[in-house]
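Got chain A; can you put chain B on it based on the hints?
Same order as they appear, the protein sequences are chains A and B.
Just add 28 to the spot in the first sequence (first one is 1) and you have the working numbering.
Just add 832 to the spot in the second sequence (first one is 1) and you have the working numbering.
Don't take each hint at face value.
To be verified - Chain A is faced by these chain B residues, among others (derived, beta-carbon under 7 Å):
no.: 1; residue: M921
no.: 2; residue: V923
no.: 3; residue: S1037
Rather than coming from a laboratory, the hints here were simulated on the basis of the structure.
Here a beta-carbon is modelled for each residue, glycine too, at the ideal position from N, C-alpha and C.
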Amino acid sequence: MSTLLEIIYQGVLEGDQSEVGAGVQNALETNHSPSEILDNALVPAMSEVGSLFEEGEYFVPEMLISARAMQAGMAILKPLLVEGGVEMLGKVVIGTVQGDLHDIGKNLVTMMLEGAGFEVIDLGVDVAPEKFVEAIKDHNPDILCMSALLTTTMASIPVIIEAIEQAGLRTHVKILIGGAPVTQDYADQVGADGFAQDASRAARLATTTLDK
Amino acid sequence: MASNMNSQERVLATIRRETPDRIPTFEWDIDPGLITSMTNGGTYEDFIEKYDLDAIMCGPSYRKEPVENGFTLDEWGVTRMVGHEAYPMPVHSKSPIKTMADLESWSPPDPYAPHRIAAMKERISRFKGKRAIIVPLRDVWSNPRDLMGYEGLLIKCATEPDLVNALVEKCINHSIALLDVAAELGGDIVMSGDDIADNNRTLISPKMWRSIFLPHFTRWVDAIHDHDMYYWKHTDGNIRAVLGDFVEAGIDGIDPIDPVAGLDLATIKQKWGGKVAIKGNVDCATVLVNGSEEDVVDAVKTCIRAAGEGGGYACSSSNSIHSGVKPKLYTTMLDAIREYGTYPLDMDRLSQ
Chain A
29 MSTLLEIIYQ GVLEGDQSEV GAGVQNALET NHSPSEILDN ALVPAMSEVG SLFEEGEYFV
89 PEMLISARAM QAGMAILKPL LVEGGVEMLG KVVIGTVQGD LHDIGKNLVT MMLEGAGFEV
149 IDLGVDVAPE KFVEAIKDHN PDILCMSALL TTTMASIPVI IEAIEQAGLR THVKILIGGA
209 PVTQDYADQV GADGFAQDAS RAARLATTTL DK
Chain B
833 MASNMNSQER VLATIRRETP DRIPTFEWDI DPGLITSMTN GGTYEDFIEK YDLDAIMCGP
893 SYRKEPVENG FTLDEWGVTR MVGHEAYPMP VHSKSPIKTM ADLESWSPPD PYAPHRIAAM
953 KERISRFKGK RAIIVPLRDV WSNPRDLMGY EGLLIKCATE PDLVNALVEK CINHSIALLD
1013 VAAELGGDIV MSGDDIADNN RTLISPKMWR SIFLPHFTRW VDAIHDHDMY YWKHTDGNIR
1073 AVLGDFVEAG IDGIDPIDPV AGLDLATIKQ KWGGKVAIKG NVDCATVLVN GSEEDVVDAV
1133 KTCIRAAGEG GGYACSSSNS IHSGVKPKLY TTMLDAIREY GTYPLDMDRL SQ
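Here chain A stands alone, though its shape is the one from the complex (with noise of 0.2 Å):
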């Protein structure tokens, strides 16, 4: 790794947002291309982040940062990567189901998810059934992410994937979902393709879902 890349890889690990956009134009402007930025700093840097937080070093907070000082560099990135034709790694659709406004733990999967290379649709909290097909209709994602925090609201999820079948689009995407109550049995359950405990899991999950 370039030491202007190895600048921002550490920037994303400290949470350290000016360092990483300085860094993210440093690179640019030494011939770095955005997709080596994006390859071989950002998204390293992310699923290091990940890992601190698997293995119990990082919390919410720190890996809050991450994400932010990453998203900092992916916003001087991405009109780049879309005007050269760059692909991310896959699509995802996001949002908390209907009845729960809960948002922090779809968040930090949406931040986890870009820091894997996935481009992010978030539709937000309380969303319908109808919403999650027509996003699907709309963006054509590669993934659907469900969240409820409730055990009440996460009745939502087996109407949601119903809905998504009666409208034919069930082979069209794979279904992860989480949140508190959710469990790898109810995943199972309720024919949902996958169920991740916390956001770099579901991250890693959406990465390997997508080899499948």
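Here is chain B on its own, set in the frame of chain A:
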């Protein structure tokens, strides 16, 4: 052990870790819709009496008003999206405190405002001496979280700990001022439900918790005891890493020993039961929602076997009686607690 205790005596014996006549039961929170349906349109007070719960929550009231389509603004300056939830989360982008300048120009609501305590006073006077009066207040986490937004607080913990520290101080001073009111009106126990953990672990590192929040938490616990009340701390999640801090700070009870987060009632009782009373943990994510009546009875028996011996234990749901709990399963739980929870416990029967 004593016979014929009333509810107040039963709960107070329990929080002192003595053996009451039978295991008390009460809930941190009960869904308003269930209250209405299970009392034929009655009130929370009617519910407590009808189902003979041993403690009643008597907390201060805060006003909120609709400000625009789908949002409310409360006395703290916090905006929330109106939804189906009893406790909608604040809207992060509208958080009133983002900087030290925001904090300096912000004041918490008047703790002594007449509307704050009117309903509380009436409820306490109705139940004082009969059932344990629990005053639900907030400790070090929930008010700062609402004022900065969830993400805002978590980020500021990492980037501006001095700002968070100053905010926590201002908020805990408000809660401590409310202790004057709670004690004067006749509160027996203070309970606070600030959740600082998810299913896996604490949201912030134990190191960060100890450096920013614990000193305020300790001051809070001391203030409760200075007002001659007990303190039953409630928090969801896997709190193993900080439970020792709570105990060291002097809490008298812990609730609800979250099974979804992998906490085991017997283990907690064994490790901490000599220092704190324990409340929990019939699983309200599964058993009280989708279980059979037999499952509920088995769950109650398991809880009593795990934590009942020697007293210092209140049996309840693992969090709250939320809108997904089936009324029949909840009443089955109450019946089972009374059936199997009389001291001395019949361990043979509990094991069948």
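Structure-based check of each hint:
1. M921: Holds. Min distance 6 Å.
2. V923: violated (9 Å)
3. S1037: This hint holds: S1037 of chain B lies near chain A, its Cβ roughly 5 Å from the closest one there, short of 7 Å.
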